[in-house]
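S.K.: Based on the provided sequences and hints, a complete structural model is requested.
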Amino acid sequence: MSAISAGTSSPMFRRSGQQTLLWALRIAALAMLLLPCVWMLGAAFTPTLERLDHPLALWPQAPTLQHFLTVWESGIGRQVLNSLLVSCGTTLLSLTLAFPAAYALVRLRFPGRLDVVFLMLVLAVKLMPPITVAVPLFSLAKTLHLLDSVLGLMLAYQVYTLPLSIWMLLSFVREIPVDYDEAACIDGAGLFRRLVDIMLPLCAPGLVATAIFVLIAAWNEFLLALLFVSSPSKFTLPLAVAGYVTENGIDWGDLMSVGMIASLPTLAVAGYVQRYLLHGFSGGLK
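Sequential numbering from 793 applies to the sequence shown in our numbering.
Worth flagging that the hints you see were computed from the coordinates, not collected in a lab.
Bear in mind that the values here come from a model prediction, so they are computed numbers and not experimental data.
A couple of the hints might just be wrong.
[Stated by the list, open to error] Think about it this way: if two alpha-carbon atoms lie no more than 20 Å apart in a straight line, the pair counts; the simulated SDA-like pairs of lysine to any residue are: (1) K918 with P892; (2) K1026 with L877; (3) K1026 with Y1036; (4) K934 with L1015; (5) K918 with I1008; (6) K934 with L947; (7) K1026 with F1014; (8) K934 with P1024; (9) K1026 with G1051; (10) K918 with L906; (11) K918 with P928; (12) K1026 with L906; (13) K1026 with D940; (14) K1026 with A1009; (15) K918 with L929; (16) K1026 with G881; (17) K918 with L932; (18) K1026 with R870; (19) K1026 with W864; (20) K918 with F1005; (21) K1026 with L939; (22) K934 with S1023; (23) K918 with N1012; (24) K918 with F930; (25) K1026 with V1037; (26) K934 with L1019; (27) K918 with F1014; (28) K1026 with L929; (29) K934 with I923; (30) K1026 with S866; (31) K918 with Q950.
[As the list claims (entries may be wrong)] Pairwise CB distance ranges (calculated): (32) Y972 with D907: 16 to 24 Å; (33) L844 with A823: 24 to 32 Å; (34) L822 with K934: 43 to 51 Å; (35) V927 with W851: 43 to 51 Å; (36) I1042 with I923: 23 to 31 Å; (37) S963 with K934: 31 to 39 Å; (38) R899 with T1038: 51 to 59 Å.
We treat Cβ as the ideally placed atom computed from N, Cα and C, and that holds for glycine.
M.R.: What follows is the structure in structure tokens.
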């Protein structure tokens, strides 16, 4: 008995028990995270009558593509195209403006700590609740005749995506040694050439990581799109998804199929650039 008790209290046994408990907690957390996704996937392929009979079933007995056909015939392809245009345009514009701004804030000297003041103002804008700037943005867009347009949404989204891009890119620019800039200056490279030929390739992982976050933020944005867009032909995907929740009821099959269509593009992009994303998170340059 003493040998058994000594074995169970040994450090190796305790370590093994801790690892088993840790893996059990990881599996439980993963199951909780994946359960809504599995339910959405099953509901998208479940016939309406079967869903009414078995509302908690995770997978249908007779899978069907009828919900996807119904959603496609309703014109969801147009909303997908609108979201792609707005998200990609917003990401490109945000990175184009944020990258030189981050470089200037790191490399240049500003009088009176204006760089710190600017960063605090940018952070304050980022932390504002969306509703606080939605009405002023609406009035400005109306004055500039940018309502109900893709360009208007791209510019409006910069209020949130541009501060995010600047703050994310700051850390990546700081990791690049100043010696690279000094060597380029000695060789006669100007500011534009240093940005394009030196800083841009070195910051590529950070740019990709930032682009993913900006793309997802623009893809999922709802409030500004609801205020700025009034024509159904110019709706983005979040507006289309909201349209399936009505006072007459919810067709869960159609709603979940739209949810799958809205989720797949961002998952595909994130999976394709995963190695750049991990490189960016791990610190870029070593």
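S.K.: Tell me, which hint numbers fail for this structure?
M.R.: Those not satisfied come down to hint 12.
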